Amino acid sequence: MAEAAQQETHGFQTEVKQLLSLMIHSLYSNKEIFLRELVSNAADAADKLRFRALENDSLYEDDGDLRVRISVDKEAGTVTVSDNGIGMNRDEVISNLGTIAKSGTKDFFSKLSGDSAKDSQLIGQFGVGFYSAFIVADKVIVRTRAAGAPTDEAVEWISDGEGEFTITSINKPSRGTEIVLHLREDEKEFADDWRLRSIVNKYSDHISIPVEMYKEEVPERDGPDGEKIPAEPAHWEAVNKATALWTREKSEISDEEYKEFYKHISHDFADPLSWAHNKVEGKTEYTSLLYIPSKAPFDMWNRDQSHGLKLYVQRVFIMDDAEQFMPTYLRFVKGLVDSNDLPLNVSREILQDNKITQALRQGCTKRVLGMLEKMAKNDAEKYQSFWNEFGNVLKEGPAEDFSNKEKIAGLLRFTSTHSETDAQTVSLADYISRMKEGQDKIYYVTADSYQAAKNSPHLEIFRKKGIEVLLMGERIDEWLMSHLTEFDEKSFQSIAKSDLDLGDMDDEETKKAKEDAEKEIEGVLERVKTALGDKVEDVKFTHRLTDSPAVIVADENGMTTQMMKLMQAAGQPVPDVKYHFELNPEHSLVKMLADMQDESLFAQWSHVLFDQAALSEQGSLKDPSSFVRNLNELLMKMAK
1 MAEAAQQETH GFQTEVKQLL SLMIHSLYSN KEIFLRELVS NAADAADKLR FRALENDSLY
61 EDDGDLRVRI SVDKEAGTVT VSDNGIGMNR DEVISNLGTI AKSGTKDFFS KLSGDSAKDS
121 QLIGQFGVGF YSAFIVADKV IVRTRAAGAP TDEAVEWISD GEGEFTITSI NKPSRGTEIV
181 LHLREDEKEF ADDWRLRSIV NKYSDHISIP VEMYKEEVPE RDGPDGEKIP AEPAHWEAVN
241 KATALWTREK SEISDEEYKE FYKHISHDFA DPLSWAHNKV EGKTEYTSLL YIPSKAPFDM
301 WNRDQSHGLK LYVQRVFIMD DAEQFMPTYL RFVKGLVDSN DLPLNVSREI LQDNKITQAL
361 RQGCTKRVLG MLEKMAKNDA EKYQSFWNEF GNVLKEGPAE DFSNKEKIAG LLRFTSTHSE
421 TDAQTVSLAD YISRMKEGQD KIYYVTADSY QAAKNSPHLE IFRKKGIEVL LMGERIDEWL
481 MSHLTEFDEK SFQSIAKSDL DLGDMDDEET KKAKEDAEKE IEGVLERVKT ALGDKVEDVK
541 FTHRLTDSPA VIVADENGMT TQMMKLMQAA GQPVPDVKYH FELNPEHSLV KMLADMQDES
601 LFAQWSHVLF DQAALSEQGS LKDPSSFVRN LNELLMKMAK
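So for the sequence shown, full-length UniProt numbering puts the first residue at 1; every next one is plus one.
What the hints contain is simulated information worked out from the structure, not anything from laboratory work. Predicted model, so just to flag it, every value in this text is computed and none were measured. Glycine residues also receive a C-beta, built at the ideal position from the N, C-alpha and C atoms. Any given hint could be a false lead.
[Stated by the list, open to error] Between beta-carbon pairs, the in silico distance windows are:
id, residue 1, residue 2, range
1, Thr485, Pro624, 31 to 39 Å
2, Gly533, Leu634, 15 to 23 Å
3, Thr80, Asp255, 28 to 36 Å
4, Glu381, Met636, 50 to 58 Å
5, Thr530, Arg629, 14 to 22 Å
6, Met435, Lys377, 19 to 27 Å
7, Gly523, Thr328, 54 to 62 Å
8, Ala452, Leu631, 16 to 24 Å
[Claimed, not checked] Simulated crosslink set (DSS-like; lysine-lysine; CA at most 30 Å straight-line):
id, residue 1, residue 2
9, Lys464, Lys454
10, Lys31, Lys188
11, Lys441, Lys405
12, Lys202, Lys250
13, Lys436, Lys514
14, Lys497, Lys441
15, Lys465, Lys497
16, Lys405, Lys279
17, Lys139, Lys48
18, Lys591, Lys465
19, Lys139, Lys215
20, Lys512, Lys436
Work out the full structure, taking the sequences as your base and the hints as a guide.
If you want it as structure tokens, here you go:
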């Protein structure tokens, strides 16, 4: 009965079942990455023990030489990866090996398509760590004991990856974790000592603790010159450099090593887009190794999700996700900071207001922005790839980082009326270089999408005059522009505001034509205002239109449609906003309206034109049935 009480059977979380099914069906073309993932996890466990032992060195249990060991049993067809790191207790085993405790899992699985090639890229972007063992194994056994726990509180976890796992209490004299992989029949190539050594050399050479493999006894033998080479007893030997990569000179580190180290710390399967490795000496001494990923993680839009850099102090791991060293708008950056100036017992609370932390944050931020500037200048295609993945996150920058606002603005990209597709973007510097003679403002329009912005009636006069307008079709754009007022001494101007002024670009002939058109129907404004009542703030003529009869615009200092939608999406109360209703005096419908004597009919037309303009601007109406009713009645009258 005691044994039965110690053993439990659990079902995997639904997402884990889906993931294991994909893994088992070999979505990865490069199966050897399973060893990299397991070794990385083992190294992380050693880092965590080293940190915890700063306050309680008894956790070392008289074994302070941290290591990862890999062994092979060809006859049994098994590969074992073990470490003497922090280990896990029963609850941690159930939590860590039975669920995917990462934000964005639902979104991740919603994107799976059934196409193996595409899905494998998504899984790599998501990161799976331990579960990669099932790429090559049809049974996995994990034996683990948390550092400092009694030997009889160890746990054995067993699963064949088919939906369930068992948990059993066992005795384990040594702390740490041992993972035994029972290889599938068609994966026995990995039950080879030299094959595994080559994989470690390829992927895990940068791991800062020894990765050891067993070397059989070598008998005494003759050398090439007849001399005797002494026998070597059987022993464990390190098969990696076991030196923290960031402590080495840049000239000694290959691009491949940098890429593999990125995959180790990020658990991403794709290569990084760029990286920067710097040692700073002087008043504050630290080393930073910062990476820009090539793909956005699925939890990127969760601003509350853990993010940040790994923190080391004098090469001792302190914490994951130290957000104090990177602003939120750069939360996609991966990497580490190793400081010589912070105390080894540093905590998150101490980091909050620490002057050294502030200096490191400023330095890392400057480094990343410099990396992006260099990429934008030297490789436009690569920068466009970055922008497609992370552009909307970078747009949070001007509101968060006043000191770097101009630098961030220079990195922003937008589509414009000069773009052939929504994939073709321009920088603000490009826009300014193409400004018309007499133009002193950067014109833009915000909308729900690129297509809505591209077809906005507000653009009509700008197209007629050939003036470029930035098309902003992302929800965040309105919020961005509320914090970005100018760039390179040129102010921004929304073309959807009532204070639109084309300045010197409005020629005298055009102004004269406007005045004449307005005089012909000057009485119509008061009549429309009376008909619409409190639906509008004001009614006036406009010459921003060439094809449309009317448009609604926000007050100069009022709230725009996109800002209202942004507040609604955030669950914030939205004030009742009245718009300015502007009529095109040169449009035949407006001229017809001015000549209409029947006030009832005039009111119906006024409401239809207003609702039509509101629908074009907002994408919806407060009272669509009233619009449909008025429109139908007018159509029936015209048909008689």
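So which hints don't hold here, by number, going up? The structure conflicts with no hint, since it agrees with every one listed earlier.
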